[in-house]
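First to last, the sequence lines map onto chains A and B.
Residue numbers 1 to 192, in our numbering, belong to the letters of the first sequence in order.
Residue numbers 1 to 192, in our numbering, belong to the letters of the second sequence in order.
The set of hints was computed from the structure by calculation and includes no laboratory data.
Any given hint could be a false lead.
The list treats identical chains as one, so a pair stands whether inside a single copy or across any two.
[Stated by the list, open to error] For lysine to any residue, the following SDA-like pairs were computed, each having C-alpha atoms within a straight-line distance of at most 20 Å:
1) 29 x 168
2) 29 x 166
3) 57 x 20
4) 29 x 13
Listed below, chain by chain, are the residues.
Protein chains: 2
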Amino acid sequence: MAAGRGRRAGGGDTRAEILEFARELFAAKGYDGTSVRAVAREAGVDPALVHHYFAGKAALFAEVIGVPRDIEDKIAAAVAGPADGAGERIVRTFLRVWDSPEGRTRFRAMVGAVATHEEAARMLQDFVGRTVLAHLGEVAGGARELALASVGAQLVGMGMLRYVVELPAMVEAEPEEIVALIAPNVQRLLVG
Amino acid sequence: MAAGRGRRAGGGDTRAEILEFARELFAAKGYDGTSVRAVAREAGVDPALVHHYFAGKAALFAEVIGVPRDIEDKIAAAVAGPADGAGERIVRTFLRVWDSPEGRTRFRAMVGAVATHEEAARMLQDFVGRTVLAHLGEVAGGARELALASVGAQLVGMGMLRYVVELPAMVEAEPEEIVALIAPNVQRLLVG
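Using the sequences and the hints, build the whole thing.
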């Protein structure tokens, strides 16, 4: 097989290669400047193959910056349903996504990347703005963007203390204790 | 002057040297296992000289991990006064400490350090637990440690989005807009 770029069938490491080309493109052109089609072209594969491995641009991007792949579906599921319990569902979802040895490691890696690489910070900024805040906005009705960002701040900070700084009170707490404490704040920010 | 350790007068870079020895000791022995006396001994200076440059162990430690030196005084000042406005004073203080080009850089460096170095995470964990939460506990009366930790989470997360991820809504907000949004949550966590 020829080295370098060229159209080819999906081999064992094709998924990883697509991801690598996506990483380069997102870093060079940002979220808006990158398309599934462009990633496929760079990787020398058919766009359908990219879609076979990744649900779409957001999923590809989330994986590049270390966010779990199905995060967007989970956020969408959390904000669906009555506005009343939205705060609880959102905090619980955040904990389910990251509360595992692998989740902790990924969270720490993501934080390390955004703190030390401008590009990773810009990627996460795009992702949070376009995916997370957009979904929160669905349940929040008229909430201002700063209020939605403050919900993100509450969750990210909890993750910082639970997974990165490992503050004992936050590490030892049961998920539902955290939900009970933090969800009312999230709810207040979302629906006022 | 002899190289290496040995009692000496305070020269121009003595402060930096003390800090370097303190960094090594804190990393090797943790917060509890380190004393101003031990740092002085390692640095080959009189303990009084360490106290001349640094208010005490907490201040020395805070500087080692990149927290501004007078942070403890500022936290103490914020929690002093009536419980009523404590949430506002605490959020405002956090923003005043970090809301400058230098503050941003330090915050980002601190986050990068704790995400990539176990030792730095342990140091910050000690510092937050012993200094920040202890002061918050003064105003909070009977609040559980998890509630105090959740206050920390709210502030750290806001710092993450404002200084590290640089989410536009959080970066562009005036400090007082953030205070108005977040302080009620902090207040609720502190005094119920």
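Cross-check of the supplied hints:
1. In this assembly of identical chains, the alpha carbons of residue 29 and residue 168 lie at most 20 Å apart only when taken from different copies (19 Å versus 40 Å within one copy).
2. Taking CA atoms no more than 20 Å apart as the test, residue 29 paired with residue 166 passes between copies only; the shortest distance there is 18 Å, against 35 Å inside one copy.
3. When the C-alpha separation of residue 57 and residue 20 is checked against a cutoff of 20 Å, the pair qualifies only within one copy, where the shortest distance is 14 Å, while the shortest distance between copies is 46 Å.
4. When the C-alpha separation of residue 29 and residue 13 is checked against a cutoff of 20 Å, the pair qualifies neither within a copy, at 24 Å, nor between copies, at 45 Å.
The earlier numbered hint that this structure contradicts is number 4, and it is the only one.
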